[in-house]
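Protein chains: 2
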Amino acid sequence: MSKNLTKREEDYSKWYNELVVKADLAENSGVRGCMVIKPYGFAIWEKMQAALDKMFKDTGHENAYFPLFIPKSYLSKEASHVEGFAKECAVVTHYRLKNDEDGSGIIVDPEAKLEEELIVRPTSETIIWDTYRRWIQSYRDLPLLINQWANVVRWEMRTRLFLRTAEFLWQEGHTAHATEKEAIDEAELMLGVYANFAENHMAMPVIQGVKTESERFAGAVETYCIEALMQDGKALQAGTSHFLGQNFAKAFDVKFASKEGKKEHVWATSWGVSTRLMGALIMTHSDDNGLVLPPKLAPIQVVIVPIYRGLDQLDAISDKVAPLVKELRAKGISVKYDNRDTHKPGFKFNEYELKGVPVRLAIGQRDMDNGTFEVARRDTLVKETVGANEVVSKIEFLLDDIQKNIYKKAFDFRKENITEVNSYDEFKKVLEEKGGFISAHWDGTNETEERIQTETKATIRCVPIGVEVEQGVCMVTGKPSNKRVFFAKAY
Amino acid sequence: MSKNLTKREEDYSKWYNELVVKADLAENSGVRGCMVIKPYGFAIWEKMQAALDKMFKDTGHENAYFPLFIPKSYLSKEASHVEGFAKECAVVTHYRLKNDEDGSGIIVDPEAKLEEELIVRPTSETIIWDTYRRWIQSYRDLPLLINQWANVVRWEMRTRLFLRTAEFLWQEGHTAHATEKEAIDEAELMLGVYANFAENHMAMPVIQGVKTESERFAGAVETYCIEALMQDGKALQAGTSHFLGQNFAKAFDVKFASKEGKKEHVWATSWGVSTRLMGALIMTHSDDNGLVLPPKLAPIQVVIVPIYRGLDQLDAISDKVAPLVKELRAKGISVKYDNRDTHKPGFKFNEYELKGVPVRLAIGQRDMDNGTFEVARRDTLVKETVGANEVVSKIEFLLDDIQKNIYKKAFDFRKENITEVNSYDEFKKVLEEKGGFISAHWDGTNETEERIQTETKATIRCVPIGVEVEQGVCMVTGKPSNKRVFFAKAY
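Sequence order for the protein chains is A and B. Just so you know, we're using our numbering here: the first sequence kicks off at 1057 and counts up by one. Just so you know, we're using our numbering here: the second sequence kicks off at 1057 and counts up by one.
Honestly, I wouldn't trust all of these hints.
[What the hints assert, rightly or not] Distance condition first, Cα-Cα at most 25 Å in a straight line; then the derived DSS-like pairs of lysine-lysine:
(1) 1154(B) to 1113(A)
(2) 1311(B) to 1382(A)
(3) 1404(A) to 1392(B)
(4) 1352(A) to 1110(B)
(5) 1078(A) to 1352(B)
(6) 1535(B) to 1110(A)
(7) 1110(A) to 1311(B)
(8) 1113(B) to 1382(A)
(9) 1063(B) to 1113(A)
(10) 1169(A) to 1143(B)
(11) 1143(A) to 1382(B)
(12) 1315(A) to 1382(B)
(13) 1143(A) to 1400(B)
(14) 1143(B) to 1169(B)
(15) 1387(A) to 1400(B)
(16) 1319(B) to 1311(A)
(17) 1392(B) to 1110(A)
(18) 1387(A) to 1110(B)
(19) 1113(A) to 1078(B)
(20) 1400(B) to 1110(A)
[Said to hold, decoys possible] On the chain A side, residues computed to face chain B include the following (Cβ under 7 Å):
(21) 1087
(22) 1106
(23) 1107
(24) 1108
(25) 1140
(26) 1186
(27) 1226
(28) 1227
(29) 1402
(30) 1403
[Stated by the list, open to error] Output of the computed footprint for chain B on chain A, the stretches with three or more beta carbons under 8 Å from beta carbons of chain B:
(31) 1118 to 1127
(32) 1152 to 1159
(33) 1174 to 1180
(34) 1240 to 1252
(35) 1433 to 1440
It is worth saying that the hints were derived from the structure and are not from the lab. Note that CB positions come from ideal geometry on N, CA and C, so glycine has one too.
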C-alpha cells in the first residue's frame, strides 16, 4: 500500500490527522464530534485498559458501574463543579419519538417530556456521591476504592480524533476516606500509577506535578497531573488525579461515624485517564513512515511476511513458519503470519510500517536455502539477517529493546526541550523558536498566569513535584518565587 | 450477618429483588430505571465478559467502538426498526446548561438547541451500518466481523434490577457478509456460542429456537434465541442472534463489488447478550439462603474463615492458611482469606452463603490439632472434614463438581417442567397449575398467537431448532401444524 502520509515537518497537525485514519485507528462518525474507534485502534485501547485495570486492582480498587444519566439537580449541587461542566452538556429532555401527524416523518413526542432533564455524564462525581451516601455509614465502610470504565460526553466545539471528542472512553476512580491525609495519599498513589503506566507501558516520559488554581478540576481542592511532551513541542495532559477534600461529601451529605462515634464528612479523590492517551501514544513515537508502537501495547508484536513465487514456494515457507508462530505464541508473543495472496510483499511491508508493528520478519527462497529470516525493527527501520536458530531470542531481545529505545528517544527529546529561562523576553523567544517545556519563576497569582496566557498562548502545565526549592523572582512581575513551574503551549 | 431473605415459596419476585440488593449485586439509583451495579455484581459481569469476549475472538471477531448517539434521521431509515424503538428513546435535544437569569438555578439553555435531535442508542444497527457504507467496497472487505461492548438505553416504564432497566450493559455483534448463506451461518454460529456460554459457564440449560414473526427483532428477517427456565416456571430470553437479510444494507446503501464485479447489497447479522444474564444467573441457581454461583463465574471461588479465640490462635491459623492460599492461587483459583477481626465466624458464614461463594473452608483450634479443615459446598450445603493434605484436590474436585451439579439440577428441573399438551384446556390448566414450558401445536398465524397471549398471558418463546417434524393440529383452531412450539409466561 502507498502511504501518502504528510511529513511531520511539513504539517504536524495534518500528519497526525492522516495517520490516525490511515493506520486504521479511528475516524469521524456521522455524529458531530463523536468518533468511531476502529478495530486496530480499539485493540490498542484494550491493551491499555488491561494493564491499567490490573494496576488498579493491585492497589486495592474494585470496578463498578454507575448510571449514564445525571439528573440536572445532582449536577447543580456542587457549585464550582456545575460551573465547570454546564457549558458542554448533552441534555436529555424527552423519552419518546412518534410519527408526525402530518405524515412527514418521526418527531420527538412533545408529551413525553421529562419532569427533570437528564445530563449525559461528563464525569460521575455527582451520581456516585449520591450513591456513596447510602453506602457509607461507619469508618468500617472506608476506604471505599472504586473505579468505573465508561463513556462520557462533553460537548466540545472543536474536536480532534482521540485528543478532544464529544464522547470519549475513560476510567474514573472515585474513592472515599476517613481522613484528609489518606485521601491525599490516594490521589498521589494514583498519580504514581499513571506515571508508571505512561513510562513503562506507553514508553512516554511524563512530568508529575500539580495544577494551578485556574487549571484545577471543577470541584477539586488539588489537581495532580502527568504532562507529556509531543514531538511538535506542545505539551499534553495525559492523566489527572484529584484530591476533592470534603466538597462532594458536603454537597451530597455523606458522613461517617468515626471510631470515636463522631459524625464526620468523608474525604474524597477522583482520577482518570481516557482515550486521549491514544493521541499521546501516537504523537510521542510515530514518524513519517507511520505509527511506532511500544511492544507492550502493540496488538501485533511480530508480523511474518512470506516472499514467494507460486503456491509451492508459499507452502514450503508456511511449513517453515508454522512452528515458529507456535513457539512465539507459547511465549505470549502476538504474531501474525500474513499469507494473503491478494497483496504483494511491498504492500504488506508498507502496511505494517504504517501500523507500527514492532518487529517484521520476511522469509523468501534465499532465506529458505540459507536457513535465515530477515528481521526488521520498526523503531530504527534497521534490518538484519538472522539464523533460524536465533530468531526467537532475537525477537525477544528486540521487543524488549524497542520498548526501552523508544522511551529513551522520547526522554532525550524531552530533556532537550526543557529550557530554563529567567526573563519574559527569553521566555517568549524560546516559546516562539523552540517550544517545549519552559521552566520559569512565577509569582503564584492568577493575574500573571492569565496575562502570560493571553500574551503568549502558553499555560502553566504544572508545578512539578519533587523539585527543590529555588529562590527567584517572577519573570513577569519581579515578585518573589520559590519554585520554577513548567509552561508550554498545550493540546 | 442475618439474611432476612424472603423465601422463594412465599414470594419469588420479592425474594429476587431482595437477593440482588442483599448479595451486593446491584441497587436502584436516583435516576429512574437506571441501576448501580455494585462491585460484587460487577465482578461477576466481568467474568461473563471475559469468557464471552474470548469466545467472540476465537470465532474471528474483533472489538470496536461506535458513537453513543444516533441522529434521529439514521434511526428512521429502516422502517420497522424505528417502529420498534421509537416508543422508548432517550432524546438529546440541547447541548448546554446555563444560570437562569432570575437567579433561581441551572436551566437548559434554549439557545443551545440541536438542529437534529440525537437518540441515545437503544441498539447500534443504524449508526454502524452508516459506518459500514464507508468500510465496505469489495468482497475483499467481507466478512466484516465486529463486536462492541457498550451501554444502551431503552426507556422502559416498568423496570427491575438486571431484568429490565432503562440503561443496561451489553455486547452487540454486527457482521456483514457477501452471501445470504454466510450470514445465516453466522447468526446460527453465534446462537451456538451463546448456548455454549449459558450451559458451560452459567450452568444454565437453554432451548435454542427461532422467534415467531411477532417477537422478531425490529428489522430482522429471522431472530434466533436461547430461552432459559427460571425456578418459578417462567421463561427468560437470555440472548438473541438476528439474521438481518439486506434490510440495513438497503436502508444505508451498503453495496460491495462481487468477485464477478457486480454491485450487490451486503447481508447482515447482529447478536447480543446483556446484563440481563445476571438476572437469569441469579434466578436459575439461587436458593432461600442466597446466591448460588457456578464456580466458573464466581469472583471468589473459595473463602477461608478462621475460628479463633485471641490473636495468638488467629496468628497460628494464618500461618497454616498462608501456603494453602498461595498454592490455590498458583492454580488460578480465586481465594479470599477473611481474617477480619470485626465480625464473628457465624456472620461471615452467612455473608458468603448469601453471596454464593462455591466452597467455604473453616479452620479452628480442633482442626489445627487434627490437621484438618472443615469444607462446605454452597450448592448442597454439605460439610465435611478433610485432611490438610487432601484439601487442595478436594477443592479442585468441588469446583468442578458444583459446576456440573448445579447444571444437572437446573436441567432436571427444566425437564420436569416441559409439558406436552394437546388441547387448549389442558394448556390453560398446565399453565395455571404448573407453569414451565408447554410444548404444543400451533397453526402458525399471528391471530392465534395473539389470542393465546391475550387469554393466558403465555407467549411463544420459540420454535425449537433441531426438533423432528410431528404432524398435528393447532390446539386452538384445529388447523394443521407440523411442529410443536414452546409456550411460557416469560420475564
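The hints, checked one at a time:
1. 1154(B) to 1113(A): Judged against 25 Å, a Cα distance of about 39 Å means the pair is violated.
2. 1311(B) to 1382(A): Cα-Cα ~38 Å, so violated.
3. 1404(A) to 1392(B): With a Cα-Cα distance of about 49 Å, the restraint between residue 1404(A) and residue 1392(B) is violated, given a limit of 25 Å.
4. 1352(A) to 1110(B): holds, 20 Å
5. 1078(A) to 1352(B): violated, 41 Å
6. 1535(B) to 1110(A): violated, 61 Å
7. 1110(A) to 1311(B): With Cα atoms ~43 Å apart, residue 1110(A) and residue 1311(B) exceed 25 Å; violated.
8. 1113(B) to 1382(A): Status holds; Cα separation ~18 Å.
9. 1063(B) to 1113(A): Not OK: residue 1063(B) and residue 1113(A) at ~36 Å, beyond 25 Å, violated.
10. 1169(A) to 1143(B): holds, 13 Å
11. 1143(A) to 1382(B): violated, 52 Å
12. 1315(A) to 1382(B): violated, 33 Å
13. 1143(A) to 1400(B): The hint is violated at about 52 Å.
14. 1143(B) to 1169(B): holds, 22 Å
15. 1387(A) to 1400(B): Violated, because 46 Å separates the two Cα atoms, which is more than 25 Å.
16. 1319(B) to 1311(A): violated, 66 Å
17. 1392(B) to 1110(A): holds, 18 Å
18. 1387(A) to 1110(B): This hinted pair holds, its Cα atoms lying about 19 Å apart.
19. 1113(A) to 1078(B): holds, 24 Å
20. 1400(B) to 1110(A): violated, 32 Å
21. 1087: Cβ of residue 1087(A) sits 5 Å from chain B, so the hint holds.
22. 1106: violated, 10 Å
23. 1107: violated, 15 Å
24. 1108: Cβ of residue 1108(A) sits 14 Å from chain B, so the hint is violated.
25. 1140: violated, 11 Å
26. 1186: holds, 5 Å
27. 1226: violated, 12 Å
28. 1227: Hint violated; residue 1227(A) Cβ to chain B Cβ min 13 Å, cut 7 Å.
29. 1402: violated, 18 Å
30. 1403: violated, 13 Å
31. 1118 to 1127: Holds, because 10 residues of the segment 1118 to 1127 of chain A bring their Cβ atoms closer than 8 Å to Cβ atoms of chain B.
32. 1152 to 1159: With 4 residues closer than 8 Å to chain B, the segment 1152 to 1159 of chain A meets the three-residue bar; holds.
33. 1174 to 1180: With 3 residues closer than 8 Å to chain B, the segment 1174 to 1180 of chain A meets the three-residue bar; holds.
34. 1240 to 1252: violated (count 0)
35. 1433 to 1440: Coverage by chain B is violated here, the residue count being 0 at a Cβ distance below 8 Å.
Violated hints for the displayed structure, listed by number in ascending order: 1, 2, 3, 5, 6, 7, 9, 11, 12, 13, 15, 16, 20, 22, 23, 24, 25, 27, 28, 29, 30, 34, 35.
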